[in-house]
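Colleague: Residue strings, one per chain:
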Amino acid sequence: MTTLHNLTRRPAAADPFTLTNARVHEAGGPGRRAFALVQCLRHPGPVLWVLPAHEPQRPMLRGLPAGLGERLMLLTPKGETDLLWCVEEALRAAPVALVIAEPQQALSLTAGRRLQLAAETGRTTGLMLIREGQGSSACETRWHCEPVAATAADSTLHRWSLNKNKSGTIGSWTLNWHGATAAVHLVSPAGERCQPAEPPR
Amino acid sequence: MPLADARAICPDVTTRPADLAREADALSALRRWASRYAPMVAADGTDGLVADITGVAHLFGGEAELRGDLHARLEWAGLSVASAIAGTRGAAHALARHGGGILAEGALVQGIGRLPVSALRIDHATADALARVGVARIADLAALPRAPLARRFGAALVLRLDQLLGHQPEPVAAEPEPPHFGVRITLPEPIGLQSDVMAGLARLLDRLCATLALHQQGARRLRLELRRVDHGTAQVEIGLARPMRDPARIAALFAKGVDEVDSGFGIDGMRLSATITEPLAPEQIGSGPALRQEDALADLVSRLGNRIGFDRVLRMVPANSKIPERSFQLVAAAWSEPLAAPRRRGPLRPITLFPPEPVTHASGHPPAQFRWRRMSFTTLRAHGPERITPEWWFDDPSWRNGLRDYWRIETQQGPRLWLFHTPQNPAWPAPSGAQNWPAPSGAQNWFAQGEFA
Numbered sequence: 000m001t002t003l004h005n006l007t008r009r010p011a012a013a014d015p016f017t018l019t020n021a022r023v024h025e026a027g028g029p030g031r032r033a034f035a036l037v038q039c040l041r042h043p044g045p046v047l048w049v050l051p052a053h054e055p056q057r058p059m060l061r062g063l064p065a066g067l068g069e070r071l072m073l074l075t076p077k078g079e080t081d082l083l084w085c086v087e088e089a090l091r092a093a094p095v096a097l098v099i100a101e102p103q104q105a106l107s108l109t110a111g112r113r114l115q116l117a118a119e120t121g122r123t124t125g126l127m128l129i130r131e132g133q134g135s136s137a138c139e140t141r142w143h144c145e146p147v148a149a150t151a152a153d154s155t156l157h158r159w160s161l162n163k164n165k166s167g168t169i170g171s172w173t174l175n176w177h178g179a180t181a182a183v184h185l186v187s188p189a190g191e192r193c194q195p196a197e198p199p200r
Numbered sequence: 000m001p002l003a004d005a006r007a008i009c010p011d012v013t014t015r016p017a018d019l020a021r022e023a024d025a026l027s028a029l030r031r032w033a034s035r036y037a038p039m040v041a042a043d044g045t046d047g048l049v050a051d052i053t054g055v056a057h058l059f060g061g062e063a064e065l066r067g068d069l070h071a072r073l074e075w076a077g078l079s080v081a082s083a084i085a086g087t088r089g090a091a092h093a094l095a096r097h098g099g100g101i102l103a104e105g106a107l108v109q110g111i112g113r114l115p116v117s118a119l120r121i122d123h124a125t126a127d128a129l130a131r132v133g134v135a136r137i138a139d140l141a142a143l144p145r146a147p148l149a150r151r152f153g154a155a156l157v158l159r160l161d162q163l164l165g166h167q168p169e170p171v172a173a174e175p176e177p178p179h180f181g182v183r184i185t186l187p188e189p190i191g192l193q194s195d196v197m198a199g200l201a202r203l204l205d206r207l208c209a210t211l212a213l214h215q216q217g218a219r220r221l222r223l224e225l226r227r228v229d230h231g232t233a234q235v236e237i238g239l240a241r242p243m244r245d246p247a248r249i250a251a252l253f254a255k256g257v258d259e260v261d262s263g264f265g266i267d268g269m270r271l272s273a274t275i276t277e278p279l280a281p282e283q284i285g286s287g288p289a290l291r292q293e294d295a296l297a298d299l300v301s302r303l304g305n306r307i308g309f310d311r312v313l314r315m316v317p318a319n320s321k322i323p324e325r326s327f328q329l330v331a332a333a334w335s336e337p338l339a340a341p342r343r344r345g346p347l348r349p350i351t352l353f354p355p356e357p358v359t360h361a362s363g364h365p366p367a368q369f370r371w372r373r374m375s376f377t378t379l380r381a382h383g384p385e386r387i388t389p390e391w392w393f394d395d396p397s398w399r400n401g402l403r404d405y406w407r408i409e410t411q412q413g414p415r416l417w418l419f420h421t422p423q424n425p426a427w428p429a430p431s432g433a434q435n436w437p438a439p440s441g442a443q444n445w446f447a448q449g450e451f452a
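Read top to bottom, the protein sequences are chains X and F.
Residues in the first sequence are numbered consecutively from 0, following numbering that gives the first Met the number 0.
Residues in the second sequence are numbered consecutively from 0, following numbering that gives the first Met the number 0.
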């Protein structure tokens, strides 16, 4: 009886994909833009996406999840300095919910720390979409995101691995996100069990 | 006279369409200039000006000298004018359009009586009716009894006649000057410190914002001119993401520009002007957090736009086109309102779009294997084709190779790509002597254009 009671009253496990508020996070890998869109849906309010002017790969309005297009603003500064300035300024502004940036070079320690301070000032979450191996050690969490081929025709699988976490554990999740709503479905990994199942207690 | 009749009389006649807007502008400029002769100057129809020179003529030496001065100056400017001075506005109007001249005090009826009745500012029908009953001149009309005249031709004719003769008043109302949004300050001693300039700017902004509030306008673009002691000037110009007249918030945007100004030996004059203004109705103070957040976001857009340029702070608005590149537009966020995207319908669209990149080593249709961005992929599943035809009414260079068949390719390696194939564009022919050139059918005309979630 007590076990059942404890089970029902147990707080729901925190969603592993919730980014800590007022901190700057990093995401890399080929599926980082999908991860960024999921995070956009989890942050109600204006979203700023900072990407260099010469970046050809840009979000497409018709493919974005519903309701995101009208609160998304694109900033296309010319150089890396301007880009970082824009990110800092946007993080410092209170009304912005989420700032997504695609820096072209590795963030220096100074830049990473400044962004963290700006995020703490404005209580804004930042997400840096970094290239492989360009992470900054000032970031709160670092994710590696990649799309995974699905066995079923109607699922779009992603594997999001948390490689670095300053305030928690790391982990890796395979999930199904179809790109339209904020709902993600965790998928239990299919695999062969190398040990016999434990006998029921 | 219709143009056809004019051409029949003079085949070589040169015609030019009338530019009414520019003519009105020119007349308005002339009206401002003519205020040097009298305080009350107004436009009289679309082709004339009327000035009330009561008590003014002696400053120019008399009425004849005033009129001579006016003619001389306008002729020097290249304009041919006709003018008249009379005791009433109606008489001056009539005389200026029928010869011009000066009517002496008390000689109004004698001077004006010879003019035709059409000079009375009456419509054509009334003028024709008067001509039909034999009343051709104003003197004839003035001699007639008024009551039958009013009953037969209406009160308008009698009113015009009374105005002409001075029995009814007809004042000249000068048009209100458009508000000028510019203030300046001259300093007794030159200043050079940034804090001093900002303090001066705060004083100017208070005055400018009061003027703006009086006229219910908000500034969209502001220019601060700093005059240096050595007669050089420095300019700081800022844009605002939306009309605004809050001195403190505007002053914060000037800080960066003022910081970069070289003050030289000192600044002894400042001028602040709002070059672009937009209507801004009075707002209730403290109308809630929603408005404050909107204000804060507009401030952020202003700050970002003043550094990286307002054309780089963009918003995506939906457009009505099936072409992927033109299905949305990137517009400046400062000059647009967010628009809700249409509901997602039809085939899936990728989350990111890029200019078409060629896919190499494609085999099969749809390709079972291909290489893209130096990575090789094996197709797991392919959905399609979705055929999109170019919009022939736009000549888009990237769509010159005809229609496209779009496929959603799920790859064994993970990425889900948006590939297209141009069936109307044949593959490049193999160069002579090439041995391992790929098969010509559908080999080289596959491109990747987007990535799905």
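One or more of the hints may lead you astray.
Unchecked claim - Facing chain X, from chain F, some residues (calculated, C-beta under 7 Å):
no., residue
1, Gln292
2, Ala295
3, Ala297
4, Ile307
5, Phe309
6, Met315
7, Ala331
8, Pro354
9, Gln411
10, Gly413
Said to hold, decoys possible - Just a few of them, taken from the derived set where beta-carbon distance is under 8 Å, the chain F residues facing chain X:
no., residue
11, Arg311
12, Arg314
13, Lys321
14, Pro323
15, Arg325
16, Ser326
17, Leu329
18, Val330
19, Arg343
20, Arg348
21, Phe353
22, Pro357
23, Pro414
24, Gly449
Since the hints were made in silico from the structure, they are not lab data.
The structure displayed is predicted, hence computed values, not measured ones.
All residues carry an ideal CB built from backbone N, CA and C; glycine is no exception.
Colleague: Taking the hints in turn, state whether each one holds.
Modeller: Hint check results:
no.	hint	verdict
1	Gln292	holds, 4 Å
2	Ala295	holds, 4 Å
3	Ala297	violated, 9 Å
4	Ile307	holds, 4 Å
5	Phe309	violated, 11 Å
6	Met315	holds, 4 Å
7	Ala331	violated, 10 Å
8	Pro354	holds, 5 Å
9	Gln411	holds, 5 Å
10	Gly413	holds, 4 Å
11	Arg311	holds, 5 Å
12	Arg314	holds, 6 Å
13	Lys321	violated, 10 Å
14	Pro323	holds, 7 Å
15	Arg325	violated, 11 Å
16	Ser326	holds, 5 Å
17	Leu329	holds, 7 Å
18	Val330	violated, 10 Å
19	Arg343	holds, 6 Å
20	Arg348	holds, 4 Å
21	Phe353	holds, 4 Å
22	Pro357	violated, 14 Å
23	Pro414	holds, 5 Å
24	Gly449	holds, 6 Å
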